[in-house]
Each structure stands twice: as C-alpha cells, then as structure tokens.
Amino acid sequence: MTTLSDLKISEVKLEGEHVGKWGMVIDQDICTGCQACVAACSMENNIPFVGEEDSGYGRAMHWIRIERFWEGEYPEVKMTNQQPMMCQQCGSAPCEPVCPAFATVHSQAEQLNLQVYNRCVGTRYCANNCPYQVRTFNWRDYQRPEPLPNQFNPDVTVRRRGVMEKCTFCIQRIHKAQDKAKSEGREVADGEFTTACAQACPSNAITFGRIDKEDTLVYQMMHHGQSHGKKHLEELGTLPSITYMNGGGA
Amino acid sequence: MAYGKKETENKPAVYEHHGHTEEHFREKHLMLDPLPRGQMNDMVMEAMTEKPSWKYWLTVFVLASIVAYCLVYSWIRLIAEGVGIAGVNRPSYWGIFLVNTVFWIGISHAGTFISAILRVFKAEFRRPFTRVAELMTTFGLVQAGFSIFMHMGRVWLAYWLMPYPNQRMLWPNFHSPLSWDLLAITTYLLSSTMYLFLPLIPDLAMARDKTTGWRKNFYRILALGFRGTEGEWTHLRNAMNIFAFAIIPVMFSVHTIVSWDFAAATRPGWNSTIFGPYFVIGALHSGMGAAVVVLAAVRKFVKNMDYFIRAEHFDAIGKLMLIISMGWAYFFFNDYMVQWYGGDKWTKQLLHFHEAGPLGWMWFAMLIVNIAIPWAILWNSKWRSTPWLVSTVGILINVGMWFERYIIIPISLTINRMPFTWRMYTPGIEIPLGIGTLTLFILLYVIFAKLIPMIPVWEVQEGQMAHQLKKFGRETVVTVSELE
Chain A
1 MTTLSDLKIS EVKLEGEHVG KWGMVIDQDI CTGCQACVAA CSMENNIPFV GEEDSGYGRA
61 MHWIRIERFW EGEYPEVKMT NQQPMMCQQC GSAPCEPVCP AFATVHSQAE QLNLQVYNRC
121 VGTRYCANNC PYQVRTFNWR DYQRPEPLPN QFNPDVTVRR RGVMEKCTFC IQRIHKAQDK
181 AKSEGREVAD GEFTTACAQA CPSNAITFGR IDKEDTLVYQ MMHHGQSHGK KHLEELGTLP
241 SITYMNGGGA
Chain B
251 MAYGKKETEN KPAVYEHHGH TEEHFREKHL MLDPLPRGQM NDMVMEAMTE KPSWKYWLTV
311 FVLASIVAYC LVYSWIRLIA EGVGIAGVNR PSYWGIFLVN TVFWIGISHA GTFISAILRV
371 FKAEFRRPFT RVAELMTTFG LVQAGFSIFM HMGRVWLAYW LMPYPNQRML WPNFHSPLSW
431 DLLAITTYLL SSTMYLFLPL IPDLAMARDK TTGWRKNFYR ILALGFRGTE GEWTHLRNAM
491 NIFAFAIIPV MFSVHTIVSW DFAAATRPGW NSTIFGPYFV IGALHSGMGA AVVVLAAVRK
551 FVKNMDYFIR AEHFDAIGKL MLIISMGWAY FFFNDYMVQW YGGDKWTKQL LHFHEAGPLG
611 WMWFAMLIVN IAIPWAILWN SKWRSTPWLV STVGILINVG MWFERYIIIP ISLTINRMPF
671 TWRMYTPGIE IPLGIGTLTL FILLYVIFAK LIPMIPVWEV QEGQMAHQLK KFGRETVVTV
731 SELE
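Chains as they are written, first to last, in this note's numbering: chain A, 1 to 250; chain B, 251 to 734.
Don't take every hint at face value.
What the hints assert, rightly or not - In silico DSSO-like links for lysine-lysine, alpha-carbon gap of 30 Å or less:
| no. | chain 1 | residue 1 | chain 2 | residue 2 |
| --- | --- | --- | --- | --- |
| 1 | B | K569 | B | K372 |
| 2 | A | K230 | A | K213 |
| 3 | B | K700 | B | K372 |
| 4 | A | K78 | B | K595 |
| 5 | B | K466 | B | K553 |
| 6 | B | K553 | B | K700 |
| 7 | B | K550 | B | K700 |
| 8 | A | K78 | A | K231 |
| 9 | B | K595 | A | K230 |
| 10 | B | K598 | A | K231 |
| 11 | B | K569 | B | K720 |
| 12 | A | K231 | B | K595 |
| 13 | B | K550 | B | K305 |
| 14 | B | K372 | B | K720 |
| 15 | B | K553 | B | K460 |
| 16 | B | K301 | B | K466 |
| 17 | B | K598 | A | K78 |
| 18 | B | K598 | A | K230 |
Calculated directly from the structure, the hints in this document are not laboratory data.
Next comes chain A alone, as it looks inside the complex (with noise of 0.2 Å):
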C-alpha cells in the first residue's frame, strides 16, 4: 500500500537507489554526418514527419538532430565535426522542475528524464528551459499516409498534439532488455542491446550503455585513455549523461 510519505518528489535526484545509470559516448570525429541515426530513432519512436513546411520554420520533430557548423566565411569555409544532439538525460535537468504538472519527471529506476505524455499540458515552458533545446512538440496532428502506419512501433505511445516529447534513450529497448534478462536470472550485459540511433550508425560513433559499471565499454570510453571527452554545457550544473569526444585524431 503507498501512502503519502513513499511518494517522493524527484526532480533533482542527485544520489539514493537506483539500478543503472544510462548514458552514452558519442565520437564526434567518427560521425559522417550521414542522418541514419535520425531515421532510426523516427522510425523507433513514432516520431511524425511535419512536412517541409513546418520542419523550415523550426518545427521538424526529430528526438536526434546533427548540427552542422563551419568556420570561416565563404569560400573559405572549413566544416568542423558533426555534432549530434539530443536529450542529455541530465543528472539535474532545468526542464524538470518548471513543469507544473509533473509531466516531465525524473525516473528513479532508469536516471532518466522522462516525460509523460498523459499528464503534459503543453506549457512548453520545459522546452525553454532546456539549454539543449532538444525537446520537440506536437505542434498539430501530423498525417501519416499509407503505408507509414504499417511500420508503427508498438512498443512506443503515439503521442497527439499539444503533448512535448523528446529522446528517451530508448526506454522501451532498456526495459524489454531488463525483463529478457531478470527472467533469465541475471543482470542485463553490456552490450545487449543499444538504442536506436546507436544500432543505426554506420561508423560505430554512438556507444550506449550503463556509465555507473566499471566493465562497460561506455565507462571505459568516458574514463580511460581518451581524455578529450566532454559534456556539453556542463557549467551550468545539469550534470549530463552524453560524453562527446572531439578532436582525438583520426
């Protein structure tokens, strides 16, 4: 039975119980900027296509999205490193205290930020305190003509329109994983499974995993050996889960 104490309000959860702690190493000079892990994680995650229109005026619903930058004026132009973005699922996230129904929380379980649709109201009051801007709303309720329905993830809501979402590491692949591996009697190994974008990547740029076991590959890619790695805007304390590693040499 829960009563009222067991319920803890837990936006900003930086210790206590938990069972894994996801994150994920993305090796900026590997990445070709080749957008597979977009279709990946739109066609894991139901994520609708909003059509050129909307998606020029800053409406495209992509949870992955691979910025471009470049240096120096045209013609002289050098383009730098890809840099894909999405939700950094951080240990202490602005989007989560500004929302004022708790719809976007943190998972105790998982360490991830989560956010429920059902309970959204579409402040979108999150989605501007997000320094990433990562988060994307369901701005109208976008067609999927034939056959695009057929190729649905069950696994994953559909969401409607006036609800924000954004990048969840997955966590249907994380969950499906746990069951797999809590039937069996045993802890989920490294290496299991991956996330969509991660799977999709041909250059192998994306590595996910637990970052709170020594054993991983993804551990050991942000602790050891490579020193270049970073987190983006880490000054301002939000304790991201996305280590980029740039400028290592290739």
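Assemble the complex: chain A is given as a structure, and chain B must be docked to it using the hints.
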C-alpha cells in the same frame, strides 16, 4: 495638490493661487465644486440608464463582431487545429500569447495601484476615478487569463494545474513558477474583484432606490440589502481598509511572480535577478498609461462625466506617469547594464541582437515611447492637463511596453546556447486573438458603463463634504476636515 490637509488645521495657509476667486477654485477642483446629492446621483443614473443611442448599439455590434471572429472563432480554430496555426516554433516556444498575458497583467496592475495606494495615502484626487481603474484590473485579468489558456497545447486539461484532491494523489508541481503564477493570478483576480465590489455597494444601493423594472431587481441583488445605516458604513469602511492594505503586497507579488517565469529559467537574457522589480514597474508603467486612456474615453463618451473627471485628474495621473517612467528607465538601465557587464557570451550576443537584429527598430521604439516621449511631454503642467495629449502618451507607453514584452519573450528566445536552432518567430493566429482580447476589454467597458456607475458617487460626495472654501480676510482658502 493645491489643497493640503495639515496646514489648514493650525493657520490659514496662503496658496500659490494668490488672489484667486471662488469661481476659479470651483472650476478647477471637483472637491470644491459640490452639487446637491440628489442632482449628482441623477447625473450618474442618467449616464447609466438613459436609452442608448444607435451609435451605442452600433459600437456594441461592431465590437461584439470583432470579438466573435477574433476571439471566439479563432480560439475554436486554435483548439481544433492545434498550436501549429500560431507562430511558435523552436526556439521560440513562447510567443505573443505570453506577451499578451504579461501585458494584460501589467494593465490590470494600475487599477489596484491607483485605487489601493491612493486610498491608503488618502490622495484626494483619486475619488472620481477609482472605479474606472478597478474595472481595468478585473477586465484586464480576464484577458490575461484568456491569453495564457490560448497558449496551452491542451487547454482542455488546464484544470490539472489546480491543486484538487484526486484518486491518483497527483498534485501540481509547486516547484514550477507557472504553478506559483496560477495561484498568484487567481488570488489577485479574486481579491481585486472583491475590492471592486466593496466600494460599489453604496452606489448599487443608490441605483436600486432610483430604478424600476429589471434594473431594480439587478441592483437589489447586487446591493446585498445595503441601507446606509451607521453599522453598515462602519463594516464597509473596515472591509475596504483591510482590502486596500492587503491588496498592495498581493499586487507586488503577482508581477514579481510573473517575472519569475522568466527570471527562474536558465535562458540568457531571462536569468536576471532584477526582473522582479523591473516587471512591477513595467506593469505600473503600462497600467498607468492604460488608466489615463480609459479615463479620457469615459470622460468623452459617457454622459455627465466631464463634471467628475477634470483636467486636474489628468494632471495628477500625468505626474505619476512621469515618475513611473523615470523608475522604469532606471530599472531598464540596471537590468541591461548588469547583464551586459556580466560578459556571458550568449547574453552579449542576445543584447546585440536586441538592438542590431532584424527587430532592432522595436528596441529603439520602446526606448523612445517609454522614456523620451513621457519625459518630453509630461513635465509641463499645461500639457499634462490636456486629456488627448496625456492619453496619446498613454497609448504610446502601452505600445512601448508591449514591445518590451515582445523583446523579452520571442526575440530573446531566438538566441540560445544552441546556435544551430536559432530561428526567427513570425506570429500567426496570435494576431487576431490578441486583437480579440483588446476588443473584449473595450467591449466590457462599453457594456458595464450601462450597468454600474462608472463614478463612485458616494466617495466623491464624501470628499466634497470634507472640503470647504473659506474666506479669511480677502483671501479665499481651501480647508479640509478629517473625515475617516
């Protein structure tokens, strides 16, 4: 004020109106120009109950049509089709809806400010126009509420933001500035409506005694059986006193909390510690500007109002506008200076974008109409006493304050820490909806001018009883007795 209070108690003071005749005083000051009670009541009743001309009905029709199209139809479309038909995008997740919300809350501020602060300080010039100002508070908050609900993606679930007991033990998030906002605005709406209603009771009782038919029933219900006994007056005065004092901190808190929606966020240009007082003074700036416009309109279009609302009142409000304009300039400079000095690269980029971006003209226009024009015009007592001139300044200040909120919300949102997402905001259906709220605000005044007395008659009469012209030798002198 030309007629002080304390000085007259000890010795007859000699005023700068040296040698002025009684007629001069009467012409100039409402408090010194008393009419018999019955006549004054009749004047107000006539303005209210006189059969409206075709012009009135035409105005109502036009305004109601605009409201029907711009507010009702457009809002239905917005709900049916989604926020996509508005201009909001990434990164400007908030647009004109929030601009209008802040703008209308600002407008509604001045009502309470004029009424409560001036009542507490017993400023005599407040007497004829407290009602018009208090109505502005209530009507403005209605528009603010509409604007914030338009903004929501799923407005039909807005009640989830209220703390109500439910099976799943779900509460609103009290960590969120939006939750504070909702509670503050609700408190303000309820208390300002009660504060509007209390001084209305004696006037409603007067109207009840002077009308027949449906009006009599209407006023009888609203007047709550007020007969004017000594006990009733004592209770009324006590209640008004409590509300006048209590509503002042509420008023300050509301706009401070509105500013926290921005100041508590991690955005460059928003995360500014001075936003609280800066927003309060900004609200007063636009609110005083709106008050003077409404006052001029009531004086021009409602019958017999030129007796009650005189040049002296525009003069007094003009002084307040000038002081508030100076205060606004101070806080604006303070906010700008400290943000710029901080040297954060995103803030610097943003401040540069404010003045040199594609909407830089808006930034300069804001400074001109909010600071330069009021300072150039309102220092002169003659110009201050000219209703059309002061109300033009009032309109300009409101345009400027709307620009200010536009600069703070969609323009500042354009620049963030992720340059890849920088994009301009172009309003869509926000424009008709914004026009709709403005029209509804005017329409409410037009309708209520026929339903409730626009002038607190009893307060004017009370003031006139306290003021007297006395002759000391050859000198005509204004004397005041302490009433309350």
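Structure-based check of each hint:
With a C-alpha separation of about 17 Å, the suggested pairing of K569 of chain B with K372 of chain B holds against the 30 Å cut-off. Under the criterion of a C-alpha separation no larger than 30 Å, the hint pairing K230 of chain A with K213 of chain A is consistent with the structure, at around 19 Å. The suggested pairing of K700 of chain B with K372 of chain B holds, with an alpha-carbon distance near 29 Å, which does not exceed 30 Å. Of the pairs offered as hints, the one joining K78 of chain A and K595 of chain B holds, with about 23 Å between alpha carbons and a cut-off of 30 Å not exceeded.
For the suggested pair K466 of chain B and K553 of chain B, the alpha carbons sit about 21 Å apart, so the restraint of at most 30 Å is met. The hinted pair formed by K553 of chain B and K700 of chain B meets the criterion: a straight-line CA distance of about 11 Å does not exceed 30 Å. Between K550 of chain B and K700 of chain B the alpha-carbon distance is near 15 Å, which keeps this suggested pair within the 30 Å criterion. Distance hint between K78 of chain A and K231 of chain A is fulfilled; the C-alpha atoms sit about 24 Å from each other, no more than 30 Å.
A C-alpha spacing of about 19 Å is found between K595 of chain B and K230 of chain A, which places the hinted pair at or below 30 Å, so the restraint holds. Taking the CA atoms of K598 of chain B and K231 of chain A, the gap is near 23 Å; set against the 30 Å cutoff, the hint holds. In summary, the hint linking K569 of chain B to K720 of chain B is supported, as the alpha carbons are separated by about 28 Å, within the 30 Å threshold. The suggested pairing of K231 of chain A with K595 of chain B holds, with an alpha-carbon distance near 18 Å, which does not exceed 30 Å.
Between K550 of chain B and K305 of chain B the CA atoms are separated by roughly 14 Å; this keeps the pair inside 30 Å, and the hint holds. A hinted pair counts as satisfied when its Cα atoms are at most 30 Å apart, and K372 of chain B with K720 of chain B qualifies at roughly 22 Å. A hinted pair counts as satisfied when its Cα atoms are at most 30 Å apart, and K553 of chain B with K460 of chain B qualifies at roughly 17 Å. In summary, the hint linking K301 of chain B to K466 of chain B is supported, as the alpha carbons are separated by about 16 Å, within the 30 Å threshold.
For the hint pairing K598 of chain B with K78 of chain A, the CA-to-CA distance comes to about 26 Å; that is within 30 Å, so the pair holds. Using a Cα cut-off of 30 Å, the hinted pair K598 of chain B and K230 of chain A holds, with the two alpha carbons roughly 24 Å apart.
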